[in-house]
Amino acid sequence: MNAMNDANPKTKVNCHDRERIFEDGSRDQWTALEAHALTCIECAEEIRAWKSLSVAATELRDYSDDPSLWPRIHRSLLEEAAKIEQSKSRWTWESIRRSFFVSWQTAAAAAVVLVLVVSAAFYHRYNLTALKTPVAAPSGDLLRNNALAEVERTQSDYMHAIDKLAADAKPQLDNPGTPLLANYREKLQVLDSAIDDLRAQAGQNPSNAHLRYQLLAMYQEKQRTLEEVLEVKR
Amino acid sequence: MEPFQNRPASEPADAVRGEDAALAAACLAGDMHGYERLYALQGAKMKNLARNLLGNALDAEDAVQETFLKVQRSIGGFRGQSSFVTWTFRILVNTCHDARRSRVRKKEVTSDDAAENPIPEQRAAAAPPTLRLALERALATLTQHQRDVFLLYEVEGFSHAEIGETLDISEAASKNTLFQAKKNLRQMLEPPRSADAAGAR
Numbered sequence: 001m002n003a004m005n006d007a008n009p010k011t012k013v014n015c016h017d018r019e020r021i022f023e024d025g026s027r028d029q030w031t032a033l034e035a036h037a038l039t040c041i042e043c044a045e046e047i048r049a050w051k052s053l054s055v056a057a058t059e060l061r062d063y064s065d066d067p068s069l070w071p072r073i074h075r076s077l078l079e080e081a082a083k084i085e086q087s088k089s090r091w092t093w094e095s096i097r098r099s100f101f102v103s104w105q106t107a108a109a110a111a112v113v114l115v116l117v118v119s120a121a122f123y124h125r126y127n128l129t130a131l132k133t134p135v136a137a138p139s140g141d142l143l144r145n146n147a148l149a150e151v152e153r154t155q156s157d158y159m160h161a162i163d164k165l166a167a168d169a170k171p172q173l174d175n176p177g178t179p180l181l182a183n184y185r186e187k188l189q190v191l192d193s194a195i196d197d198l199r200a201q202a203g204q205n206p207s208n209a210h211l212r213y214q215l216l217a218m219y220q221e222k223q224r225t226l227e228e229v230l231e232v233k234r
Numbered sequence: 001m002e003p004f005q006n007r008p009a010s011e012p013a014d015a016v017r018g019e020d021a022a023l024a025a026a027c028l029a030g031d032m033h034g035y036e037r038l039y040a041l042q043g044a045k046m047k048n049l050a051r052n053l054l055g056n057a058l059d060a061e062d063a064v065q066e067t068f069l070k071v072q073r074s075i076g077g078f079r080g081q082s083s084f085v086t087w088t089f090r091i092l093v094n095t096c097h098d099a100r101r102s103r104v105r106k107k108e109v110t111s112d113d114a115a116e117n118p119i120p121e122q123r124a125a126a127a128p129p130t131l132r133l134a135l136e137r138a139l140a141t142l143t144q145h146q147r148d149v150f151l152l153y154e155v156e157g158f159s160h161a162e163i164g165e166t167l168d169i170s171e172a173a174s175k176n177t178l179f180q181a182k183k184n185l186r187q188m189l190e191p192p193r194s195a196d197a198a199g200a201r
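Heads up: the sequence lines are chains A and B, in that order.
First residue of the first sequence: 1, per my numbering; consecutive thereafter.
First residue of the second sequence: 1, per my numbering; consecutive thereafter.
Careful, some of the hints might be misleading.
[Said to hold, decoys possible] Here are the simulated BS3-like cross-link-like pairs (lysine-lysine), alpha carbons at most 30 Å apart as the crow flies:
(1) Lys107(B) <-> Lys175(B)
(2) Lys88(A) <-> Lys70(B)
(3) Lys51(A) <-> Lys45(B)
(4) Lys70(B) <-> Lys107(B)
(5) Lys183(B) <-> Lys70(B)
(6) Lys170(A) <-> Lys187(A)
(7) Lys83(A) <-> Lys45(B)
(8) Lys183(B) <-> Lys83(A)
(9) Lys70(B) <-> Lys83(A)
(10) Lys12(A) <-> Lys183(B)
(11) Lys12(A) <-> Lys175(B)
(12) Lys45(B) <-> Lys175(B)
(13) Lys51(A) <-> Lys183(B)
(14) Lys106(B) <-> Lys51(A)
[Unchecked claim] Reference listing, derived: stretches of chain B covered by chain A, where coverage requires no fewer than 3 residues with Cβ under 8 Å from a Cβ of chain A:
(15) 19–30
(16) 63–75
(17) 86–94
(18) 149–155
These are computed hints drawn from the structure, not numbers from a lab.
Glycine residues also receive a C-beta, built at the ideal position from the N, C-alpha and C atoms.
Please take these sequences and the hints and turn them into a complete structure.
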């Protein structure tokens, strides 16, 4: 066994390097090992045996063609492709049906939510109105207009009735014989002035119930004052 | 002859990559010509590898057919992390392993040795039948991993990098496994001289 090989001065190998080169040797290392084997019987024999495996392995190559294999594979590929296509179309139909189902559910859920929101808003508004107005506010423009017309009509009748009282009390108020009647006249003048203002505001905002109630309170006060004036006359 | 001289001549890398990418694209598009081209380029190698792994031509053809079907089914999942051809061979090797396991279960053989290792069929070849048969029998005694690497490297001419991609191992592991496989084969086929000498004494 030679310890070192001098055939290739760049890559020097010996018997101990043999297996390492067998496992992962570079071209230079193989060249160096073969040069070393020229003078080493053991390495020469090992290299021969090692390479004989590669030579023997080539005998396991049998690339003879079987003409029936590709048509068989081709046929099965076409069948598989048809199956895949079929499952795709089934999937597509299924997915459309499923997405439609999901959309329908979503739409139904959205509708329910919308109804709830609208109901809540209506209920909230209704409650607020009810808190402000003891009289239930009719819903809808038609109902509101009808109610307003009735209020106007009632108010007009009430005014006519009060005007009749005022006409009865007018002689005393025009010539008040006592300080009490003079006070009643001043009070009635203030009430008339307030009534005129409220009527002007109510004309601008006919559906304002608060103005209507104030106006009603003024008329009631005027009615009471006129009744008191007539009491004084008697 | 050193091992490098025994390797098949490699094509220019760019051309190989281009062909590989074109094949993958065609198969991904469902183009049957792509599969036909894959078969024309690799079919014989695939069948040969399958035959060496399974021990007979019929099972090998079934494995190749199954491999093409698996490629067709799973081409959508191919991400190009390895070459398309090595990806295909990976499927083939796994298919052969599955077929062997399935065969073992079906046949319910009594002998573990006979079950685990394929019995090579007689093949007409120009080489001395004794050497080939001896090698096939010796291969049958190797571990599955060693057999895969030996067949891919020495018979089919794959590089260690390609074997690494195919078997999902490192290049160094492929080299080491091949070394161990050949060492075992050498012991089985041709006992070392020192042992002969010891026996003679």
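Against which earlier hints does the structure fall short, listed by number upward?
-> 1, 5, 8, 14, 15, 17
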